[in-house]
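Chemist: Sequence:
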Amino acid sequence: MSNIESILRDSKTIAMIGVSSMKKGEDPKNLKRKPSNIVMKYMQDFGYKVIPINPFAKGEIIHGEKVIGDLKDIETKIDIVDVFRPSPETPEIAKQAAEIGAKTLWLQYGIQHEEAKKIASDNKMNYFENLCIKQEYQKIFEKMNPVFPVLKK
Numbered sequence: 000m001s002n003i004e005s006i007l008r009d010s011k012t013i014a015m016i017g018v019s020s021m022k023k024g025e026d027p028k029n030l031k032r033k034p035s036n037i038v039m040k041y042m043q044d045f046g047y048k049v050i051p052i053n054p055f056a057k058g059e060i061i062h063g064e065k066v067i068g069d070l071k072d073i074e075t076k077i078d079i080v081d082v083f084r085p086s087p088e089t090p091e092i093a094k095q096a097a098e099i100g101a102k103t104l105w106l107q108y109g110i111q112h113e114e115a116k117k118i119a120s121d122n123k124m125n126y127f128e129n130l131c132i133k134q135e136y137q138k139i140f141e142k143m144n145p146v147f148p149v150l151k152k
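For the sequence shown, numbering that gives the first Met the number 0 gives the first residue as 0, with consecutive numbering after it.
It is worth saying that the hints were derived from the structure and are not from the lab.
Some hints could be false.
Using C-beta positions, here's what the derived DEER-type ranges look like [said to hold, decoys possible]:
(1) Asp-44 with Leu-130: 18 to 24 Å
(2) Arg-8 with Glu-59: 29 to 35 Å
(3) Pro-54 with Phe-140: 30 to 36 Å
(4) Glu-98 with Arg-32: 17 to 23 Å
(5) Lys-123 with Lys-71: 16 to 22 Å
(6) Gly-63 with Glu-113: 32 to 38 Å
(7) Lys-57 with Lys-142: 36 to 42 Å
(8) Asn-129 with Glu-4: 29 to 35 Å
(9) Pro-85 with Lys-117: 14 to 20 Å
(10) Glu-4 with Phe-55: 33 to 39 Å
(11) Lys-142 with Glu-98: 35 to 41 Å
(12) Leu-130 with Gly-68: 33 to 39 Å
Computed list of lysine-lysine pairs in DSS-like fashion (alpha-carbon distance at most 30 Å, straight line) [said to hold, decoys possible]:
(13) Lys-133 with Lys-65
(14) Lys-11 with Lys-102
(15) Lys-11 with Lys-133
(16) Lys-65 with Lys-94
(17) Lys-57 with Lys-11
(18) Lys-94 with Lys-48
(19) Lys-33 with Lys-94
(20) Lys-102 with Lys-116
(21) Lys-142 with Lys-94
(22) Lys-57 with Lys-142
(23) Lys-123 with Lys-138
(24) Lys-116 with Lys-133
(25) Lys-40 with Lys-76
(26) Lys-123 with Lys-11
(27) Lys-71 with Lys-11
(28) Lys-116 with Lys-11
(29) Lys-71 with Lys-142
(30) Lys-40 with Lys-71
(31) Lys-117 with Lys-102
(32) Lys-40 with Lys-123
(33) Lys-11 with Lys-65
(34) Lys-76 with Lys-11
(35) Lys-48 with Lys-123
Just so it is clear, the structure is predicted and the values come from calculations on it, not from any experiment.
All C-beta atoms in this analysis are idealised placements derived from N, C-alpha and C, irrespective of residue type, glycine included.
Can you make the complete structure from the sequences, with help from the hints?
Modeler: Written out as structure tokens, the structure is:
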């Protein structure tokens with residue numbers, strides 16, 4: 000069993016940083032097409048509790064979950080912090096993930112940072128970068144190799 004497989008099997012809660020919210024005047028259909036929202040819904044469909052984090056959408060409801068403004072405001076235990084934010088923001092996110100006791104820091108496609116990796120390592124967190132949690136789930140548990148052009152850059 001791969002490390003990713005055991006992490007996905009043993010994890011129950013995901014804090015997803017950077018879930019997209021509705022912009023004023025935006026077509027609601029656009030929201031459904033945003034990678035973070037696609038991944039959030041997918042992981043929910045497979046039994047994960049996914050808590051959306053977005054300070055600009057605090058209090059809104061996305062996929063049935065209330066948006067939280069900051070990691071430190073979450074009142075439940077978090078297994079995975081999944082990040083859809085620019086790489087330069089990840090060291091601070093890694094520090095916050097360590098503070099709340101998250102077991103895994105997961106940076107989505109195109110996101111990587113040496114300092115975030117070191118912070119995760121120093122705090123005994125699992126660390127993945129430049130990797131889609133949804134695609135890894137599909138490969139391992141659905142035995143499929145998904146094509147997800149939205150997330151390919």
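Chemist: None of the hints should be skipped; say for each whether it holds.
Modeler: So, going through the hints one by one against the coordinates:
1. Asp-44 with Leu-130: 18 to 24 Å: Because 20 Å falls inside the window, the suggested range holds.
2. Arg-8 with Glu-59: 29 to 35 Å: holds (31 Å)
3. Pro-54 with Phe-140: 30 to 36 Å: holds (32 Å)
4. Glu-98 with Arg-32: 17 to 23 Å: violated (33 Å)
5. Lys-123 with Lys-71: 16 to 22 Å: holds (19 Å)
6. Gly-63 with Glu-113: 32 to 38 Å: For Gly-63 and Glu-113 the Cβ distance comes to about 36 Å; the hint holds.
7. Lys-57 with Lys-142: 36 to 42 Å: With a Cβ separation near 38 Å, Lys-57 and Lys-142 satisfy 36 to 42 Å, so the hint holds.
8. Asn-129 with Glu-4: 29 to 35 Å: At 19 Å between Cβs, range violated.
9. Pro-85 with Lys-117: 14 to 20 Å: Holds, at about 18 Å.
10. Glu-4 with Phe-55: 33 to 39 Å: holds (34 Å)
11. Lys-142 with Glu-98: 35 to 41 Å: holds (37 Å)
12. Leu-130 with Gly-68: 33 to 39 Å: violated (26 Å)
13. Lys-133 with Lys-65: Measuring from Cα to Cα gives roughly 21 Å; hence the hint holds.
14. Lys-11 with Lys-102: holds (11 Å)
15. Lys-11 with Lys-133: Cα-Cα ~14 Å, so holds.
16. Lys-65 with Lys-94: holds (23 Å)
17. Lys-57 with Lys-11: Answer holds: Lys-57 to Lys-11 is near 22 Å, not above 30 Å.
18. Lys-94 with Lys-48: Holds - the C-alpha atoms of Lys-48 and Lys-94 are around 22 Å apart, at most 30 Å.
19. Lys-33 with Lys-94: holds (26 Å)
20. Lys-102 with Lys-116: Satisfied, since the Cα-Cα distance of roughly 13 Å is no more than 30 Å.
21. Lys-142 with Lys-94: Not OK: Lys-142 and Lys-94 at ~34 Å, beyond 30 Å, violated.
22. Lys-57 with Lys-142: Violated, at about 36 Å.
23. Lys-123 with Lys-138: holds (26 Å)
24. Lys-116 with Lys-133: holds (21 Å)
25. Lys-40 with Lys-76: holds (20 Å)
26. Lys-123 with Lys-11: Holds. Lys-123 to Lys-11 sits at ~19 Å (cutoff 30 Å).
27. Lys-71 with Lys-11: holds (18 Å)
28. Lys-116 with Lys-11: Holds. Lys-116 to Lys-11 sits at ~22 Å (cutoff 30 Å).
29. Lys-71 with Lys-142: Roughly 35 Å between the alpha carbons, so the hint for Lys-71 and Lys-142 is violated.
30. Lys-40 with Lys-71: Holds. Lys-40 to Lys-71 sits at ~23 Å (cutoff 30 Å).
31. Lys-117 with Lys-102: Holds, at roughly 14 Å.
32. Lys-40 with Lys-123: holds (28 Å)
33. Lys-11 with Lys-65: Satisfied, since the Cα-Cα distance of roughly 17 Å is no more than 30 Å.
34. Lys-76 with Lys-11: holds (9 Å)
35. Lys-48 with Lys-123: The given pair, whose Cα atoms are some 23 Å apart, holds under the 30 Å limit.
Violated hints, listed in ascending order, are 4, 8, 12, 21, 22 and 29; each of the other numbered hints is respected by the structure.
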